[in-house]
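A.B. asks: Can you make the complete structure from the sequences, with help from the hints?
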Amino acid sequence: MAFAPFPPSAKSFLLLLFLVALVPSPSHQQHISLIDRDSPESPLFESSATMAEKWRRIHQRSVAYRDHFQAVMEGRRKFSTSLAAELEAGFDQIGGEYLMEFSIGTPPVKVTGMVDVTGDFIWTQCEPCPNCSPHLGPLYDPSKSSTRSTFSCSSSECLALEKSNCGGNDTCEYIRKDDSGVDTRGVLTSDVFTIDGVPYTNVRFGCGNDNSFSTRLAPARVGLTGSDDFSLVFRFNNDAPFTFSHCFRKDFDNPSGGNTSSELHLGKDARLNGRSSPLTRCQMGSGSRNWFYSPTLRGMGVGTEALNLTTELVGGNCSILFASSTPLTFLKKPLFDLVASKVRQQAHLPMAPHRANDPWDLCFNGTFQDLVGYLPKILVSFDHELALPLSRAQIYAEVEHGRTCLLMAPTDGHNIIGTYFQMNRNIGYDLRSRPNYLLYLDPDRCG
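Going by the working numbering, the sequence shown opens with residue 5, and the numbers climb by one from there.
Among these hints, one or two may not hold up.
To be verified - In silico lysine-lysine, DSS-like type, Cα no more than 27 Å apart, as pairs:
hint	residue 1	residue 2
1	Lys-346	Lys-336
2	Lys-381	Lys-346
3	Lys-272	Lys-114
4	Lys-148	Lys-114
5	Lys-167	Lys-181
6	Lys-381	Lys-58
7	Lys-336	Lys-381
8	Lys-114	Lys-181
9	Lys-336	Lys-58
10	Lys-381	Lys-337
11	Lys-58	Lys-337
Claimed, not checked - Simulated DEER-style distance windows between Cβ atoms:
hint	residue 1	residue 2	range
12	Glu-309	Glu-50	31 to 41 Å
13	Asp-255	Gly-303	23 to 33 Å
14	Pro-142	Asn-169	23 to 33 Å
15	Asp-232	Ser-51	35 to 45 Å
16	Asp-174	Asp-233	16 to 26 Å
17	Ala-53	Ala-360	15 to 25 Å
18	Leu-383	Cys-157	46 to 56 Å
19	Asp-448	Asn-369	33 to 43 Å
20	Asn-369	Lys-167	32 to 42 Å
Derived by calculation from the structure, the hints in this document are not laboratory data.
Note that CB positions come from ideal geometry on N, CA and C, so glycine has one too.
C.D. replies: What follows is the structure, encoded as structure tokens:
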């Protein structure tokens, strides 16, 4: 039996179907490599920094982020961090602990940005930028991209901004605040983002022409979850699942030269493994349109002792979050004081004397290797018996030779789980079904 040949139109249609099948679906999944800002692969790496200098800066960045987050929650224009610390840490220093590389526009311009899990916006320095700080390599120039577009002042995207201005030619401008309360602004823009070779069309972001507080070497910020309208996790196509996971790797046996290849997985590529616990969607300050996601802290154990956690110690709903912009973990002061007292009691070690201008709250005399067998482990647990067991290397560090300190600090604001407590495990977020949001903690090492 003979078959009639396909007409030309049918051949074209079948060829199109074949080509579509070969193209990856950027709407549904993405694997992104992350760079630890303190690793040799990072443009922010300081090879000449001593151990003490590195840890002092880690503490300083952590405190700056803590104060920044609390200022946002309280609607304040100014951090409580001292002016000297702000000038040294800077807004750029609290943007994130992990960097990602991507390209913007057509032709593509390579950009390095800091990742912020709770961040509500994506923006980058753009040309022209007469007031911008020095930077590494060329900046994205919107006038040279054939795929770039802007938004009118009456567009839904412009109206979704917390603060905006109507510029020339009916162009929507975003307005943000730096750490001193000074306005920084730019044009709300849409263009192609290419991440690990996968193109994303029509990504909304801020194209900044007055980002004087931006970092020298990582001129972009990538917020993941803080805004339904502008954060990366929610910028996939409408039919894509709002899920992601990350693994912050650290080789504690070889901290200066081990595996630091951290990962971010978006969409269907997310590692949602292990047990899960409910997340509450919490408003980022009174009247804000932005959000963070909070689990419920149910228990803590120090060594062999389980702590009796009360609302007075922990706080009520929306009192805790996982953050990617602080290595240290912060606990409300009454809870921190309780944990620190239990660590002292169980360690049975000589405490290091507190020095003038010393940022660390609890330290012991001795190297980490000498003390590790005496220092108690800590376990943190959340609703639905979701446990976060911590190794001693996640809890303590030798911040200078012969001085080992607790990688935690007190706060008068929210409890914040820092990146050291999150190391070497897949942490996943399922934000698909309001209000049934879920946090996943995989007990196994990153896979």
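A.B. asks: All hints are to be evaluated individually against the structure, with a verdict given for each.
C.D. replies: Here's how the hints hold up against the structure:
1. As the CA atoms of Lys-346 and Lys-336 are separated by approximately 16 Å, the hinted pair is consistent with the 27 Å bound.
2. Using a Cα cut-off of 27 Å, the hinted pair Lys-381 and Lys-346 holds, with the two alpha carbons roughly 11 Å apart.
3. This hinted pair checks out: Lys-272 and Lys-114 have alpha carbons roughly 26 Å apart, not beyond 27 Å.
4. For the given pair, Lys-148 sits about 14 Å from Lys-114 by alpha-carbon distance, which is consistent with the 27 Å threshold.
5. Of the pairs offered as hints, the one joining Lys-167 and Lys-181 holds, with about 10 Å between alpha carbons and a cut-off of 27 Å not exceeded.
6. At most 27 Å may separate the alpha-carbon atoms for a hinted pair to count; Lys-381 and Lys-58 meet this at roughly 24 Å.
7. For the given pair, Lys-336 sits about 19 Å from Lys-381 by alpha-carbon distance, which is consistent with the 27 Å threshold.
8. Proposed proximity of Lys-114 and Lys-181 is supported: the alpha carbons are some 26 Å apart, at most 27 Å.
9. Our distance criterion of 27 Å between C-alpha atoms is met by Lys-336 and Lys-58, whose separation comes to about 25 Å.
10. Taking the CA atoms of Lys-381 and Lys-337, the gap is about 20 Å. The hint holds against a cut of 27 Å.
11. For the suggested pair Lys-58 and Lys-337, the alpha carbons sit about 25 Å apart, so the restraint of at most 27 Å is met.
12. Take Glu-309 and Glu-50: their Cβ atoms lie about 39 Å apart, and the range 31 to 41 Å holds.
13. The hinted range of 23 to 33 Å is satisfied by Asp-255 and Gly-303, whose Cβ atoms lie roughly 29 Å apart.
14. Against the hinted window of 23 to 33 Å, the Cβ-Cβ separation of Pro-142 and Asn-169 comes to about 27 Å, which satisfies the hint.
15. Remark: the range hint 35 to 45 Å for Asp-232 to Ser-51 is upheld by a beta-carbon distance near 41 Å.
16. Restraint check, Asp-174 to Asp-233: a C-beta distance of roughly 20 Å satisfies the suggested window 16 to 26 Å.
17. In this structure, Ala-53 and Ala-360 meet the distance hint of 15 to 25 Å, their C-beta atoms being roughly 22 Å apart.
18. Taken as a hint, the range 46 to 56 Å holds for the pair Leu-383 and Cys-157, whose Cβ atoms sit roughly 52 Å apart.
19. Hint check: Asp-448 to Asn-369, Cβ distance near 35 Å, so the stated range 33 to 43 Å holds.
20. The hinted window of 32 to 42 Å between Asn-369 and Lys-167 is violated, with their beta carbons roughly 50 Å apart.
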